[in-house]
Amino acid sequence: MAIYMDHAATTPMLPAAINAYSRQMAEIGNASSLHAQGRAVRKAVEESRELIARAAGCDATEIIFTGSGTEANNLAIKGFYWSNPKKNTIVVSTIEHHAVLDPIQWLEDHENAKVIYAPVDSCGVVNLEALAKIVDENRGQIALIAVMHSNNEVGSLQPISEVVNIAGDIPVHTDAVQSFGKVVFDFAALGVTSATVSAHKLGGPLGVAALILKRGLDITPLLHGGGQERDIRSSTVNAPGIVSFATAVDQTLMNLRDNYFKVSELANQLRNAIKTSIPTAIFNGADSERLPGIVNVTFPGTKSETLLVRLDLAGVSASQGSACSAGVQRPSHVLLAMGICEDDADATIRFSLGSASTQEDINTVAKVIADVVEKAKL
Amino acid sequence: MKIVAAMSGGVDSAVAAARIAEEGHEVIGVHLALSSNPQKYRSGARGCCTIEDSHDARRAADMIGIPFYIWDMAEEFHDSVVENFIEEYANGRTPNPCLRCNEKIKFAAVLERAKGLGFDAVATGHYAQMRETERGRLMYRAVDPGKDQSYVLAVLNEEQLSGALFPLGDTVKDHVRIEAKKRGLYVANKPDSHDICFIPSGNNAGWLRDRLGSESGPIVDEDGTQVGEHQGAYTYTIGQRRGLNLSVPTEGGIPRYVLKIEPKSNTVVVGAREALAISHIEGEKAIWCGPLPELGMAHRGHAQVRAHGTALPCEYRTDGVSIVAELDEPLFGLATGQGLVIYDGDRVVGSATVNATK
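Respectively, the protein sequence lines represent chains A and B.
First residue of the first sequence: 1, per this note's numbering; consecutive thereafter.
First residue of the second sequence: 1001, per this note's numbering; consecutive thereafter.
Note that these hints are calculated values from the structure, not bench results.
Here a beta-carbon is modelled for each residue, glycine too, at the ideal position from N, C-alpha and C.
Be aware that a few hints might be false.
Stated by the list, open to error - Derived contacts from chain B toward chain A, CB cut-off under 8 Å, selection only:
1. Y1069
2. W1071
3. D1072
4. L1117
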């Protein structure tokens, strides 16, 4: 079986989360029903909500379960924009995931939103001075500021508390999908207005995520129906997904510190192994505060498409960091925003490690990397 | 062998890939992304690089059990095929983009990348046959005359052909569909693709007008008398009869055809069908699919000037870089820019781009 080095795309489900999922699937009842079975399911869902809330530093009522991180981001962005018709400007960093950039782009194309992009430095960290200037110049018009908690391609952590300070009373949304379960994430301490977290990035199942939204705030829903989640998100409550999500959060947060050091150490070994084999390799975002498991590396003079095919054929699964629907690789907008030239951006791949990664995984990559890169030279 | 199977998402390339994988070769499936802004859905028989097609190719590779990748060749395709197509029309010629794509993309850029990855050959679902003979590995027409695609492959030189595999050349199309069904490939009933893949609307004239402008100009008869007006000379094709909208009728209502396109004066010349008759064809940029015919000598063979045209008996000579063919019987309407392909029986000798006719 191929060595899995794409944990930032999705990471294996934890056995305890699989068990929790199966157990809950065997239970009957709609969490919104008043009868005995319904109440039992509701209890399981609410205990899960409270557990996730404790782990994320928020109130249980602040958690709105959704079907995906993309949905949570869409809900926050469109929700804030639509619930504040007097303000038409959205400020967003240039390195967001498409699940944030694209709904904002859609609002610009269809709903007259004005979008201002906040630049990042060469390490992939949002430029606070530039952001402060943008906010000062447009203060009365800004409906929302969106800056991710950590970047999915290069791993750079963003100075969210400072962003919140600059924002003042402007709502701040942070996409914390990559951070939650890997580094300390505390909703209340950060002071953001909303945040997205997702189950499958930390050992939970696909198809369940949450928007954490400050209590008392009501934003315009995307889905109208039974109003199950605080009247902001409708759909029959996905009890097995939520219970399994909570189980994964519980395990992950319990081991956060150990995993952080283990994964950081493996990532360092990987960087050293690559550096030894390919001295010209450039590690992007390496100088910032960062997620432990992401190794984003440029091999000048190669093409990422060829690197990835060669790695795949050599039994190593890595990625470019994001893929479009046709599967065609394009130079990453994140790397370009960091000032990396198109040729280098096109010669870049991402290895991402998780708590399931092993020493052998690193050894395997160390063995094949020189040959792969040599043969991927143009 | 290590083989890259080019998979368009259609039935032919899927069966071709399945066959070579079954023979025990190490095979990967590759779908070429040829448009940087692909259409989402395939519309009827048009196009071959929509997102839907790439999904079909991926599903076929999954069922065959081979790794699958998408290679982005949009830039190469645009530079070598689309630009050439526009440029040729701007010069009053009628190009065949499928020839260019085979010559510059499928059996050049793709083959090169495949070799770079340590692969030996590229296999496609084209209908043509490669046979080992005393004179080397030579290309022949497919057994299914209705599907034979040797014409669009005649732009491949010996080196390119040495890295090319056409697993379907010995099979008729109906049997390929039956085989696809037996193999459980759900693309079995997908319609064949026609037309030009990068003009999904099928409106070639409109597409060219968008890129070359629509400067109107005169349509004249052979005496130079103006008989109508056109909206862009390059949207016409030699031999075209319909859609001319001529204002001056001929005596006796004899239909007129496009005889000539003169891009410099932006003029379209029309006349009677007889004036389209040609029996002398000159082609430039000759490419040989096998051993070079003896230079300067007259050879008997057949000339074909369209993908699904008839092979016309002829005598041809070459100096190595150009080909001159004298047809036994005249043919009607041949535009410069089209491919002239020479056959010796069923064997493909070589090709050239038509640059003069008489």
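Hint check results:
1. Y1069: Since the shortest Cβ distance to chain A is 5 Å, the answer is holds.
2. W1071: For W1071 (chain B), the interface hint holds, since the closest Cβ of chain A sits about 7 Å away, which is under 8 Å.
3. D1072: Hint holds; D1072 (chain B) Cβ to chain A Cβ min 5 Å, cut 8 Å.
4. L1117: holds, 6 Å
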